[in-house]
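S.K.: This is what each chain is made of:
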Amino acid sequence: MYLGIDIGSSSSKAVVLNEKNEIAGISVKNLGTGTDAHKEVVAEALSNAGITEEYINYTVVTGYGRVNYDKADRQITEITCHAKGVAHYNNDVKTIVDIGGQDSKVIKLNENMQVDNFVMNEKCAAGTGRFLEVMARVLGCSLDDLSEMAKKATTQISISSVCTVFAESEVISRLSGGESRENVARGAHIAIAKRVMGMCNRVGYAPKVVMTGGVALNEDMVDVLSNELGLDIEVLPNCQAIGAIGAATFAHDLYKKMEADNNAN
Amino acid sequence: MEYLEIIKKLEEEALHPKKSVIKEIKETGKKAIGCFPIYTPEEIIYAAGFLPVAMWGGNTELKLADKYLQSFCCSIMRANIEYGMKGDYNMLEAVVLPTFCDTLKCVCENWKVAVPNIPIVPIVYPQNRTIDCGFEYMEDEFKRVKDEISKIANKEIKDEEINEAFELYEEYRNTMREFVEVASDYPQIINLRKRHLIIKAGQFADKKRYTEEIKVIIAGLKKEELKPFNGTKVIATGLLSEPVEILDIFDENNIAVMGDDLAQESRQWRTIVNDNSGNVWKKMVSRVADQRGDTFFYEYMKSRGNRLIEMVKDKSADGVVVFMMKFCDPEEYDYPIYKQEVEAAGIPILYLEIDQQITSYEQIRTRIQSYSEMLMMRR
Numbered sequence: 023m024y025l026g027i028d029i030g031s032s033s034s035k036a037v038v039l040n041e042k043n044e045i046a047g048i049s050v051k052n053l054g055t056g057t058d059a060h061k062e063v064v065a066e067a068l069s070n071a072g073i074t075e076e077y078i079n080y081t082v083v084t085g086y087g088r089v090n091y092d093k094a095d096r097q098i099t100e101i102t103c104h105a106k107g108v109a110h111y112n113n114d115v116k117t118i119v120d121i122g123g124q125d126s127k128v129i130k131l132n133e134n135m136q137v138d139n140f141v142m143n144e145k146c147a148a149g150t151g152r153f154l155e156v157m158a159r160v161l162g163c164s165l166d167d168l169s170e171m172a173k174k175a176t177t178q179i180s181i182s183s184v185c186t187v188f189a190e191s192e193v194i195s196r197l198s199g200g201e202s203r204e205n206v207a208r209g210a211h212i213a214i215a216k217r218v219m220g221m222c223n224r225v226g227y228a229p230k231v232v233m234t235g236g237v238a239l240n241e242d243m244v245d246v247l248s249n250e251l252g253l254d255i256e257v258l259p260n261c262q263a264i265g266a267i268g269a270a271t272f273a274h275d276l277y278k279k280m281e282a283d284n285n286a287n
Numbered sequence: 028m029e030y031l032e033i034i035k036k037l038e039e040e041a042l043h044p045k046k047s048v049i050k051e052i053k054e055t056g057k058k059a060i061g062c063f064p065i066y067t068p069e070e071i072i073y074a075a076g077f078l079p080v081a082m083w084g085g086n087t088e089l090k091l092a093d094k095y096l097q098s099f100c101c102s103i104m105r106a107n108i109e110y111g112m113k114g115d116y117n118m119l120e121a122v123v124l125p126t127f128c129d130t131l132k133c134v135c136e137n138w139k140v141a142v143p144n145i146p147i148v149p150i151v152y153p154q155n156r157t158i159d160c161g162f163e164y165m166e167d168e169f170k171r172v173k174d175e176i177s178k179i180a181n182k183e184i185k186d187e188e189i190n191e192a193f194e195l196y197e198e199y200r201n202t203m204r205e206f207v208e209v210a211s212d213y214p215q216i217i218n219l220r221k222r223h224l225i226i227k228a229g230q231f232a233d234k235k236r237y238t239e240e241i242k243v244i245i246a247g248l249k250k251e252e253l254k255p256f257n258g259t260k261v262i263a264t265g266l267l268s269e270p271v272e273i274l275d276i277f278d279e280n281n282i283a284v285m286g287d288d289l290a291q292e293s294r295q296w297r298t299i300v301n302d303n304s305g306n307v308w309k310k311m312v313s314r315v316a317d318q319r320g321d322t323f324f325y326e327y328m329k330s331r332g333n334r335l336i337e338m339v340k341d342k343s344a345d346g347v348v349v350f351m352m353k354f355c356d357p358e359e360y361d362y363p364i365y366k367q368e369v370e371a372a373g374i375p376i377l378y379l380e381i382d383q384q385i386t387s388y389e390q391i392r393t394r395i396q397s398y399s400e401m402l403m404m405r406r
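Residue numbers (the numbering used here), protein chains in the order written: chain A, 23 to 287; chain B, 28 to 406.
These aren't lab readings, by the way, just hints derived from the structure by calculation. Quick caveat, the model's predicted, so the values are computed rather than measured. Careful: at least some of the hints might be erroneous.
Unchecked claim - On the chain B side, residues computed to face chain A include the following (Cβ under 8 Å):
(1) Glu39
(2) Pro146
(3) Arg156
(4) Asp233
(5) Gln390
(6) Thr393
(7) Arg394
(8) Gln396
(9) Ser397
(10) Glu400
(11) Met401
(12) Met404
Stated by the list, open to error - Capping the alpha-carbon separation at 20 Å, the derived lysine to aspartate or glutamate pairs in DMTMM-like fashion look like this:
(13) Lys116(A) to Glu370(B)
(14) Lys242(B) to Glu198(B)
(15) Lys309(B) to Glu198(B)
(16) Lys116(A) to Glu400(B)
(17) Lys130(A) to Glu136(B)
(18) Lys94(B) to Glu136(B)
(19) Lys366(B) to Asp114(A)
(20) Lys260(B) to Asp138(A)
(21) Lys93(A) to Glu279(B)
Think of the CB as a built atom: it goes at the ideal place given N, C-alpha and C, for glycine as much as any other residue.
Isolated chain A, as found in the complex (with noise of 0.2 Å):
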């Protein structure tokens, strides 16, 4: 058996393979880098396997608490672990859109399903969940409550402010201007997908294009996502462990490389 480990920033993610490459255990726990969660995870795929940790050939460990974590047998990026997570569904994807707490990626693929080139948010919180979490709170909403609310919404209106923190005082105005809970959670959306938007061209996207990470579950933001682009973006099962899939199936390849490597000598 082989274990991906998903340390994210808000979240922590965990996937469990079998040798046939099938996901035998998985878990996803909204807790990330820095707290016990990733333990959790590890525990409850592990159970969901029916296995204990001595059966786990190879770990691979990836996302933003890799560096930290010192049981797994080797890091790799999120970035090299979604494009691997999501050739384990689909082998026609051009263009992976992760949109996870702390930042966002596009990801474009080669026709071996590889990182052909990717591009990342930079420091400011601005298109990520984070930005979405600060939305949910000043709306008065849960997270998961944001999407509902927002496919309510009878106008489109514009958040201009880039910056995470002057969107905020943005949206209170607009709020206490009159404008409806509905209408403003879809403006958040918008802004995100605009600032996605400009990360695609500068990666240069194409069809097929899926999402990934914690933001893929949010139904109106992929919908919105999808009207920018102007074509339709696929969510894959499991969207928010992608990246554990995809270092789950790393460590069942090398562990597979090494066992051969040792039977050559």
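Position chain B against the provided structure of chain A, taking the given hints into account.
M.R.: Frame of chain A, contents of chain B only:
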């Protein structure tokens, strides 16, 4: 001294510029003059008996500089103003500043008010460098700077002294060209961090002593066994590759720099003098007039992209790393042009936006490691 010991010594000197300059002043008995980036004519300063020392900013907390330079200004200039206001540059007799960009132009005036105790000598380079009047103007401008330095030195600077200093600087530049070539053959010994610090140390040292030390390093390297390098090879471009912690991440990921197009490094010495007139002023001017592919010099057909492509081919490198100094307008204007050319040639680019006051490296780490993984998988 063994060449490895010299490397260690130079690394220390580069990491502590203020301490190094004070030590150099003491050991040479010379007074120092600060040189703002880029292409300050150090030969003139050296000929006057001063020690020219570079002012490429640094990783300092910015408290005072905000009074003159807002947060959207280049961090090198903000750091220079900060150091000036804090008194860290009090060992300098004067500073010389080429007014290449909008920020440098403003800094020239800001400096007079912010750091009134250290006189400033501006130098204005012509953008039309290759036409006769541009050539003549530049010669006059160099001579005007000589007169200004002469007043500070309180002595006449003779042409023979300029000539002697120019010859020393030519020897330094030839040696540095050889050093970066030889260093690229030994990435296991001269990693990114070492390469950068060795080069940087020369900017706070008397070029005579430093050039001799670099020659010892070159000779030492040449005696080492050439070993195959299994990491990834890149060409670096931009203003400078700092903070040095970023270079550690490259080294952790087994990435070697095969050559550079950095303003702080190879752009300082890559242009070979193409003037046989025997006149030192014309030689100095020709070094500037013949500089190509530099963001600070006007070029009708920008050649930077082609230069980078040729460097990648020449060194069989895997890609180009862009060290983009945040808020450096000239560098940012160049980027879309050479990016398109380099990518059209099938060469992957890693774009790193940097400033000298970075304290968190996690996102940069992800970018560098992902780039390395991407290049390795392409093989």
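S.K.: Hints the structure violates: just list their numbers, smallest first.
M.R.: 1, 2, 3, 4, 17, 19
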